[in-house]
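Here are the chains, one letter per residue:
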Amino acid sequence: MPHSPMPAQPSSTSVVNGDGLQPKSSPAPRPNSGPAATPDPAETDALARAQAGDHHAFAQLYSLHKRRIYSLCLRMVGNIAEAEDLTQEAFLQLHRKIGTFRGDSAFSTWLHRLAINVVLMQLRKKGLSLISLDEAMEPAPEEGPGRSFGAPDLTLTGAIDRLALERAVADLPAGYRLIFILHDVEGYEHNEIAAMLDCSIGNSKSQLHKARLKLRDALRAHSTQEAQL
Amino acid sequence: MNDKRKTLSCAEFQQQLPELIGSGANMANDPHIASCELCRALLADLETIAEAARQLFPAVEPPDDLWSQIESAIQSEDQPAKPTRAN
Chain X
0 MPHSPMPAQP SSTSVVNGDG LQPKSSPAPR PNSGPAATPD PAETDALARA
50 QAGDHHAFAQ LYSLHKRRIY SLCLRMVGNI AEAEDLTQEA FLQLHRKIGT
100 FRGDSAFSTW LHRLAINVVL MQLRKKGLSL ISLDEAMEPA PEEGPGRSFG
150 APDLTLTGAI DRLALERAVA DLPAGYRLIF ILHDVEGYEH NEIAAMLDCS
200 IGNSKSQLHK ARLKLRDALR AHSTQEAQL
Chain W
0 MNDKRKTLSC AEFQQQLPEL IGSGANMAND PHIASCELCR ALLADLETIA
50 EAARQLFPAV EPPDDLWSQI ESAIQSEDQP AKPTRAN
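Line order of the protein sequences matches chains X and W.
Each residue of the first sequence is one higher than the last, beginning at 0 in numbering that gives the first Met the number 0.
Each residue of the second sequence is one higher than the last, beginning at 0 in numbering that gives the first Met the number 0.
Take these hints with a grain of salt, some might be off.
To be verified - Here are the simulated DMTMM-like pairs of lysine to aspartate or glutamate, each with C-alpha atoms no more than 20 Å apart in a straight line:
#1 LYS96(X) / ASP84(X)
#2 LYS124(X) / GLU83(X)
#3 LYS96(X) / GLU76(W)
#4 LYS65(X) / ASP64(W)
#5 LYS65(X) / GLU36(W)
#6 LYS96(X) / GLU60(W)
If you are wondering where the hints come from, they were derived from the structure by calculation, not from laboratory data.
Please work from the sequences and hints to get the whole structure.
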C-alpha cells in the first residue's frame with residue numbers, strides 16, 4: 000500500500016520506549032512528544048504567517064527545524080548527498096502542505112512524520128520493499144538463535160565506542176537500519192513503526208531484535224580487533 | 000508457565016526473545032535468564048546497545064546553501080505554468 004507523504008497524527012502522547020530494554024538514564028527528548036509539547040512562541044508566530052503565504056516566515060520555520068530534519072534524513076539514509084536531497088524534498092512538501100496543518104499535534108511532530116514519510120517513499124523507490132522486510136522475518140542459517148552461544152567472555156561492557164556503533168548502524172542492511180533508527184534512536188513505538196512501514200508489529204519487533212543482534216556482533220568484532228592491537 | 004520457561008533450551012528461549020522484549024516483559028525475573036549465563040549476557044548486551052542508541056548521531060547542521068536550493072525549488076513551483084501556444 001503506498002504511503003501518503005502526509006504525516007499521520009501521533010498515536011498517543013506516550014514517549015516511553017515500548018520494549019523491555021529501558022534506558023538506565025533519561026532518554027533524549029523524543030520527536031513524537033505529541034500535543035503536550037510546549038510550542039515555541041516564535042514558531043507559532045512563524046507558522047501562522049507561513050500558512051498565510053509569508054515567504055520570510057517559511058524561511059524562519061526552515062531555520063528552526065533544518066537541523067533536526069537534516070539529521071533525521073542523514074541517520075535514516077547514511078549518505079550526505081541523499082540527506083540533502085531528502086531535506087529539500089521534505090521542506091518542499093512542507094511548503095505544499097503547510098496549509099493543511101491544523102494543530103492536532105505539535106508542529107514539530109507533524110513535520111518529523113512528514114520527513115520520515117518522504118524518506119520512506121525514497122527508500123521504496125530504491126527498492127526497499129515490504130517483501131524485503133518480510134523476508135527478513137525468516138532467519139537465515141547464520142542468524143539462528145543459536146549463534147550467540149559460546150564466548151560469554153566477549154560480552155560488551157557498559158561503555159560502547161559510539162563511533163564504532165555509528166559505523167555498525169551505517170553498515171546494517173537498510174531494513175534493519177530503518178527500524179533501529181525509528182525505534183531506538185527516534186523513539187517511535189512498534190505500533191507506530193508498523194503503521195509507517197505497513198508491516199506487522201511482530202515484524203517490527205523481530206527486525207529490531209535482529210538489528211540489535213547484528214550490532215552486537217559488529218561491536219564484539221570491533222572489541223576483539225581493538226584488544227589485539 | 001515459569002517452569003516451562005525454565006526448561007527451555009537457549010535456542011527456544013532466544014527464538015521467543017524478540018516478542019518478550021518487544022512486549023515489555025520484565026526479563027530480570029525470567030527463570031531462563033536467572034539460570035542461563037549466556038542468555039543473561041546476551042540480554043545485557045542488547046540493553047547496552049539500546050541505551051547507547053539514544054546518544055547516537057548528534058544533530059548536525061545542513062550545508063548553508065541548502066536553503067537557497069529549496070528557495071529556488073519553491074519559486075519554480077510557485078510560478079504559474081506558461082500557457083502553451085496553440086498553432
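**Prompt:** Are the Cα atoms of LYS96(X) and GLU76(W) separated by 20 Å or less?
**Reply:** Roughly 13 Å separates the two Cα atoms, so the pair holds.
**Item:** Restraint status (C-alpha distance of LYS65(X) to GLU36(W) at most 20 Å)
**Value:** 46 Å, violated
**Prompt:** Holds or violated: LYS96(X) with GLU60(W), Cα cutoff 20 Å?
**Reply:** Distance ~24 Å between LYS96(X) and GLU60(W) Cα, so the pair is violated.
**Request:** For the pair we were handed, LYS65(X) and ASP64(W), check the Cα-Cα distance against 20 Å.
**Result:** 12 Å, holds
**Asked** LYS96(X) and ASP84(X): Cα distance at most 20 Å?
**Response** Given that 20 Å is the threshold and the Cα spacing comes to 18 Å, the pair holds.
**Request:** Below or equal to 20 Å on CA atoms is what counts here, so check LYS124(X) against GLU83(X).
**Result:** Holds. LYS124(X) to GLU83(X) sits at ~17 Å (cutoff 20 Å).
Against the hints set out earlier in the document, violations occur for numbers 5, 6.
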